[in-house]
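As given, the protein sequences belong to chains D and A, one line each in that order. At position 19 of the first sequence (counting the first as 1) the number is 19 in the working numbering, and the numbers step up by one without a gap. At position 36 of the second sequence (counting the first as 1) the number is 151 in the working numbering, and the numbers step up by one without a gap.
Any given hint could be a false lead.
[Said to hold, decoys possible] Below, in silico cross-link-like pairs of lysine-lysine (DSS-like), each with a Cα-Cα straight-line distance of 27 Å or less:
no.	chain 1	residue 1	chain 2	residue 2
1	D	K11	A	K215
2	D	K57	A	K164
3	D	K57	A	K215
Just so you know, these hints were derived from the structure itself, not from any lab.
Okay, here's what each chain looks like letter by letter:
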Amino acid sequence: GAGVSQSPSNKVTEKGKDVELRCDPISGHTALYWYRQSLGQGLEFLIYFQGNSAPDKSGLPSDRFSAERTGGSVSTLTIQRTQQEDSAVYLCASSLVEGFHYGYTFGSGTRLTVV
Amino acid sequence: AQSVTQLGSHVSVSEGALVLLRCNYSSSVPPYLFWYVQYPNQGLQLLLKYTTGATLVKGINGFEAEFKKSETSFHLTKPSAHMSDAAEYFCAVSTGTASKLTFGTGTRLQVTL
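Excised from the complex, chain A in its bound form (with noise of 0.2 Å):
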């Protein structure tokens, strides 16, 4: 089985701040991972994902992310808010063997003056 934990359910950060969001996951095989963006009243858009190679993955909208199996984590990352990232961010991990995503449950990015 396989689980994901997104610490903080809310995070506030100002404009020009640097952006961490927290994610680990719990697999018994290799994970691929996914960052996903949601804006109010729309789908999920896909960030950024690892899947094999470089643990350094690079998304849309200058945001990346960060495999690290020792840690178990995926945190997201980026240098510099802009009020336009606010919205809500999921991590979610799926380990290969079967086609659904499972998904946590999210952070609310807020982005201040």
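Just chain D, with the same shape it has in the complex (with noise of 0.2 Å):
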């Protein structure tokens, strides 16, 4: 697709339920990145995606936290349990080739509020 497109943009979950996040990144996009921007905290990085493997998962919060990508294309972000901490706008972003310097495009995000 022309941007990178992310889903559901809202998504509201008590706690204690599993919550799915979808990334379509652009086609052609090898490297995919999932970052969490909270109130006050700033972006911060979960996961990277080089194809399909994670060689960076270093952020992922905790085990409640677990991503793949499927097909070198889209990409699903599961929370489990989900936590009122996990309050978060959740930004997937995408890169032709690995590499910060050529730039990400990033979605507009998943506003995800757990209550």
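Each chain sits in its own coordinate frame; assemble them with the hints.
This is the structure we're talking about:
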């Protein structure tokens, strides 16, 4: 597609439920990144994919968080047993090749609210 | 490890005035530096980046930034603010040994008449 697409744009869930967030990167972009944006916390790196593999998942905050990417395209971030501190905007970005210096294209994000 | 400090979480300027958003970084190796802008309910858009070469970098919408190694700074400037510049601005750094960017906490720019 023309841009990075994320769905849903907003998600309200009850504490303890599982959620799945989807990212559809720009066609042909091999690298995909997930970030979390919390109020007053800036942007926090979660995980990076090159193709379908994740060479850097150091930012995942706990084992409740997992992500996968299939077909070198769509990625899903799953949060199990959601907690209130998981409330944030989850941003996905993709780039043409591995490497920051080409610049990332960000999606509009999924705003997750855990009640 | 790398880090970014953005001085001033909120900056207010009058329309037509100089915009100066401050960014200082910490990096043990030569950094790659970026400024992103985020409009309400939108993703981040790259304004400009410094990788190598000329230390004065020009970006979109009339913004520019200068990499000053001696001051470990990468401040963002625009000579004349426009109402449409009101947004949140993020400075980010990468060392090149990993693909992730480390972001500052952002500066919200308000432009008043």
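Right, here's what the structure says about each hint:
{"no.": "1", "hint": "D:K11 to A:K215", "result": "26 Å, holds"}
{"no.": "2", "hint": "D:K57 to A:K164", "result": "25 Å, holds"}
{"no.": "3", "hint": "D:K57 to A:K215", "result": "10 Å, holds"}
Taken one by one, the earlier hints all hold for this structure without exception.
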